[in-house]
Amino acid sequence: MKETSTPLAEADYIGATAHELSEKRAAAKIAAGISQKTLFQRRGRIILHPDLLVLTGWSHNGDLTLTRTDITATETRFTHLYGRFLGGLLNAGRPLILRTTHAAADEVYLLINHRDFLETTDDRAWQKRIDRWRRD
2 MKETSTPLAE ADYIGATAHE LSEKRAAAKI AAGISQKTLF QRRGRIILHP DLLVLTGWSH
62 NGDLTLTRTD ITATETRFTH LYGRFLGGLL NAGRPLILRT THAAADEVYL LINHRDFLET
122 TDDRAWQKRI DRWRRD
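Mapping the sequence shown onto our numbering, position 133 (from 1) lands on 134, and the numbers just tick up by one.
Since the hints were derived computationally from the structure, they do not count as laboratory data. A few of these clues could be false.
Quick list of in silico lysine-lysine cross-link-like pairs, DSBU-like style, CA-CA up to 35 Å [to be verified]: (1) Lys129 - Lys38; (2) Lys25 - Lys38; (3) Lys25 - Lys129.
All chains should be built: construct the whole structure from the sequences, respecting the hints.
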């Protein structure tokens, strides 16, 4: 990636891996009724470049950087790890799930531009954007 490449899109995210969500105890899930940040402890910017998708601040080691071929599937849906009770009653709260070939993040759950009070996100728009980018 060139340092001067202009991002195609960027936004704030909060995120977690499927493994991290599976380890959350009942107390964390109850607290998520007040703030999803108790479940999604990774946060930063999602930046879509012409050649890379970057999740800044993913870990203490730095950013998570994915190529088109690193992402094997995308979807927005509630799952047994993050269901309608946690994500709000509206479909607008469904997480964006990225399945990847990356060893440290094989299944990533994201809430992009998450709005606490309304429990809405921009995840559906980002899924479409990432799917178009993967096909290009």
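Okay, the hints, checked on the actual structure:
Under the criterion of a C-alpha separation no larger than 35 Å, the hint pairing Lys129 with Lys38 is consistent with the structure, at around 24 Å. About 12 Å separates the Cα atoms of Lys25 and Lys38, which keeps this hinted pair within 35 Å; it holds. About 29 Å separates the Cα atoms of Lys25 and Lys129, which keeps this hinted pair within 35 Å; it holds.
Checked against the numbered hints above, the structure violates none of them.
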